[in-house]
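Enquirer: Spelled out, the chains give:
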Amino acid sequence: MYALLKNFFTVLKHMAKGDKWYYSWLAFLSFFIIVGVASYIRQLNTGLILTAMRDQVSWGFYISNFTFLVGVAAAAVLLVVPAYIYNFKPIKEIVLFGELLAVTAITMCILFILVDMGRPERVWHLMPIIGTMNFPSSLLAWDVLVLNGYLAINFLISFYVLYKMSHSKEYSIQLIKPLILISIPWAISIHTVTAFLYNGLSARPFWNASILAPRFIASALSSGPALMIIIFQIVRKVSRIEIDNKAIFKIAELIAYAIGLNLFLFGAEFFKEFYSGSIHLAPMEYLYFGLHGKTALVPWMWSALIFNITAFLIFLSPTARENFLTLNIACVLIIAGVYIEKGMGLVVPGFVPGVLGEIYEYSPSWTEKSITLGIWATGAMLYTLLLKFAMPIYTGELRFLSKTGK
Amino acid sequence: MPNKIKGNSISKSISRRGFLKGAALGLASTAIPFGTADASIWDAFLQKHFREMNEDEIRTVIKRLEKEYDKKFDTKFNIKTTKAMPGTLFGYGLDLSRCIGCRRCVYACVRENNQSRDPQIHWITVLRFKKGEKWIDLEESEKYYYPGKVPEEGYFYMPVQCQQCENPPCVKVCPTQATWKEPDGIVVIDYNWCIGCRYCMAACPYGARHFNLAKPRIRKEELNPETHYLGNRPRYAGVVEKCTFCVQRTRAGRYPACVEICPVGARKFGNLLDPKSEIRYCIENKRVFRLKEDLNTYPKFYYFFAT
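Protein chains in written order, with this note's numbering: chain A, 1 to 406; chain B, 1 to 307.
One or more of the hints may lead you astray.
To be verified - To spell it out: a stretch of chain B is covered by chain A in this simulated footprint if at least three of its residues, at any positions, have a beta carbon under 8 angstroms from a beta carbon of chain A; those stretches are: (1) 57-66; (2) 265-275.
Stated by the list, open to error - Taking beta-carbon pairs under 10 angstroms as the criterion, some of the chain A residues facing chain B (in silico): (3) Gly47; (4) Pro82; (5) Ile85; (6) Asn87; (7) Lys89; (8) Val123; (9) Phe135.
It should be emphasised that the hints constitute simulated quantities derived from the structure, not laboratory data.
For every residue, glycine included, the Cβ atom is placed at its ideal position computed from N, Cα and C.
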């Protein structure tokens, strides 16, 4: 008990210590968190009327961000497979940071769902056993289960590894192997279930396309790992952790396949809608050309498409993706491209035109924007603290007392 | 059916109740010193799903709600919990050749069912179509029209409200079973169980579900205190609401408010299981169609042309 307490304080002390960059980063994030919390308190008191969501567009920016982040979380699988299945050494050394990113992304997903709820204090109603969960009928119930399960799996794996390391012990791969193996289909399943959440609604033709789930996976496997490439470069700059260029270039290569697949699937959907030209075309038309003079999303969607294609061309060329300048540009482009496409570009057109043909042009209000920024800042803070805790254990700077007091 | 909803399983609900009581007691004890611990807040927080309560529990909840509403609106409310009559399956008919688009039904519904006046919530939407266009294309319809006089030359009208689907997508998707189909075919919501996730709104092909984005506001003298737990009792911010075929009236043998007010008799209502009912006559003898039949939701709302 004594050792445990002492270790806990060692961690706290360690997390609180840092240089002036560390402190200013935390202060910077805290600012946005405080603004976000203040906005959320206002939203709680006044209601969701403060958002731009209405009966016509009943899901908006919060659910868009949620959808994007499920993809980020699922992308950890792109590290897990080469690391554990193919035993690719350079990636095996950094897979931990991917798992911690998954933990962070899922936490953010849960926050986005909570701020979107009309009655957040009743969240217990959808928990298994204590609530009346509509399982297996409601895909939202499935989502609660798979997201929390994925959070638990990644939390267990990464903290087990860190725990062993912090006590200078080898971790037993045999022990966590079942968890790792299950985490692979599970990662695919969280994004599939999220896609099915939209996919299963016959009332919304834009979502009711069988290509939706594969497109979700393909876009997740392009944007999530791109985010990791950027984070890895920051990690090796600010810490003593060495990350092999080979690992980064391997990830970049895998991203190239994923973007290619995503673009192909997009083309297939585009063709089907425009060539057949049925009434189901309306949301797609709204996105790329505008409908009845309403064009709010058109510039966004075309930029997203240009971003995705440019990023694809850069990732495709080995010389360009192995040059850190062009690689980073491509990473930013694909993150932005997928964020637009899988965020607003997916959620909003499901509601435009509405089921009775009405076009309500949605664009997020200040409340939505500040709460969203607050949640992103919370995520960044959580990941920073997780890394601050994990990195010194990783490099061997931080070691704990074991139970014997040694 | 995959979306069968759990019945009153007593043993399970007791253990859940017990668990929550324990948890609440622990939490409540921390609140008492601050003098804000109001027992009814905890009762409201811990209220069970309507369908899992037994008669005693329902009575307690109704008493609490009546007190709550009395305090909030300074009006005596009567909240009924009348159950579905056996042998009834309510159906609705709307004669498109008669409807003049006056929207009296919309406002009769607002008055009867205590919809929020600010922000406005309407359970009935009247769509206006130009004659001679490809009219079933809902995109070509107009929801906001301001005529000096109705009916307008060259237009016709189609009111849309909850279609009380036999196979309701909203019930299938609700993650907490807060909405369900009653034995008489009416799809209802327990406003005290809805978490406000709005998944049902995404799933509904008829735009029949409405969300309380803000605290519903109604002037005291406009309140209708004769209510049903599953129908027109005052709602809360952050929950979804919908048309219930005026459950408070129809289960007492009356017509829904929209049927009663319609000046041209375009609206018909009755028991689909009764072969002698007016609704059955209309379905069997008129040219009938249902909205978005291709989605297999099987609405119990029939549009027809009588002339």
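Enquirer: Decide, hint by hint, whether the structure agrees.
Expert: Hint check:
| no. | hint | in the structure |
| --- | --- | --- |
| 1 | 57-66 | violated (count 0) |
| 2 | 265-275 | violated (count 0) |
| 3 | Gly47 | holds, 4 angstroms |
| 4 | Pro82 | violated, 36 angstroms |
| 5 | Ile85 | violated, 34 angstroms |
| 6 | Asn87 | violated, 40 angstroms |
| 7 | Lys89 | violated, 43 angstroms |
| 8 | Val123 | holds, 7 angstroms |
| 9 | Phe135 | holds, 9 angstroms |
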